[in-house]
Structures are given as C-alpha cells and as structure tokens.
Amino acid sequence: MKATEILKEEHEVILRVLTSLELELAKLKAGKSKPAFYLDTADFIKGFADGCHHAKEEGVLFKYMEAAGIPAQNGPIAVMLADHEQGRLFTRQMREAAQKWQAGDQSAVAQVLQNAEGYIQLLRGHIFKENNILFPMADRAIDPAKHHELDDAFEHVEHVETGEGIHEKYLGLAEKLETQANS
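The opening position of the sequence shown corresponds to residue 1 in this note's numbering, with each subsequent residue numbered one higher.
In short, the hints are calculated from the structure, not lab data.
No experiment lies behind these values; they were computed from the predicted model shown.
The beta carbon of each residue, even a glycine, is placed where N, CA and C say it ideally should be.
Each hint should be verified, as a subset may be incorrect.
Unchecked claim - Derived BS3-like pairs (lysine-lysine); straight-line CA-CA distance at most 30 angstroms:
no., residue 1, residue 2
1, 146, 46
2, 2, 32
3, 100, 27
As the list claims (entries may be wrong) - Here are the simulated distance ranges between beta carbons:
no., residue 1, residue 2, range
4, 22, 160, 31 to 37 angstroms
5, 165, 27, 16 to 22 angstroms
6, 110, 75, 33 to 39 angstroms
7, 105, 71, 40 to 46 angstroms
8, 71, 122, 39 to 45 angstroms
Let the hints inform the model, and build the full structure from the sequences given.
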C-alpha cells in the first residue's frame, strides 16, 4: 500500500473520532457530558493524530516531497505544518480546560466547547486538503522508485519511533470514544 493510502486510512480513524467529538459536544450543550471524554479525546489526538500520523507526514512524507522539489516554505507543506501547529494548540487548550472542569471549574466548559469545535473545523478542512490536493501532489512528485523507501520509513515510525503496539492502542481508544459518544 502506498504511503499516502496509509495516511488516508489513518484520516478515516481521525474522522471517526471527530464525529464522536461532535456527538459528545451536542451532549455537552445539553449538560450531559463529562470532562473525561475530552481528556481521552486529547490523548487520542496527541498519541495518534499527532504522535503516529503527523510523525509520518512531518518526519517522512514532507521531507520526500521537499526532496522532489516541492518547497517547504510558502507552499502546501507550510500550510499543512501551520494546521498541525494550530491543531496542537486547540488540543492543549481543550485538555487544560477539561482538567479545570474535572477539578470543578464549570466556567471551563465554554473553553472545552470552543477548542473542540475549533479543532473539528480545522481538521475536517485539513484532511480534505491533504486527501484531495497534497497527497495526489506527493504521488505525482515523488519518484515511484522511492515509494518502497517511504513505506519502510513509515514502518519505522510506527513500530520503532512511536513504539510497538501504540498504533493499536489508539485504534482501541478511537473505538471507545465512538461507543461512549453513541450511548
């Protein structure tokens, strides 16, 4: 499987969590949600979306794209990197607000809502841009002979850099979040 196809499959998992987060936000607006859900979501985002997925993009794919002549500055890679940073900010702020809420600060609920909604909006657009613009660009620009190297580098990220079983751990957390949001 091509590297971009692996990333698209991971996008599907992330989109499932975004849908779960939207369902849970509806419960939050009705006063029927708990901070633990948002803390678990922040763990998923940090561990899977950022730790597994973005590590492959930033540490591997974007470097191969740059080597193929796609500029890292003032171009599509720079836009994706800026989105990643904005997503990290939304996630940190959502986690911090959920921790305050869990400690009894009801005023933090508004920050949970605001940052979760910001993250959802950002990521849905980001995933669309990657799937429909950036990944096809990468597939065209990167020499087909290099795709095997890309696959090996992705395997290294998944099994060595992030750790054996981490990817599967977060897939399980995604399922847990879906179950909770749908109950």
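* To do: With respect to the beta-carbon atoms only, verify the hint that residue 165 and residue 27 lie 16 to 22 angstroms apart.
  => violated (31 angstroms)
* Asked: Is the Cα-Cα distance between residue 100 and residue 27 30 angstroms or less?
  -> holds (19 angstroms)
* Asked: If you draw a straight line from the CA of residue 2 to the CA of residue 32, is it 30 angstroms or shorter?
  -> Status violated; Cα separation ~42 angstroms.
* Holds or violated: are the alpha carbons of residue 146 and residue 46 at most 30 angstroms from each other? -> Cα-Cα ~29 angstroms, so holds.
* Asked: For the pair residue 105 and residue 71, does the Cβ-Cβ distance stay inside 40 to 46 angstroms?
  -> Hint holds: Cβ distance 45 angstroms, inside 40 to 46 angstroms.
* Regarding residue 22 and residue 160, is the given constraint of 31 to 37 angstroms on their beta-carbon distance met? -> holds (34 angstroms)
* Range hint 39 to 45 angstroms: satisfied by the CB atoms of residue 71 and residue 122? -> Given about 23 angstroms between the Cβ atoms, the range is violated.
* Falls inside 33 to 39 angstroms, the C-beta gap from residue 110 to residue 75? -> holds (36 angstroms)
Consistency with the previously given hints fails for numbers 2, 5, 8, ordered from lowest to highest.
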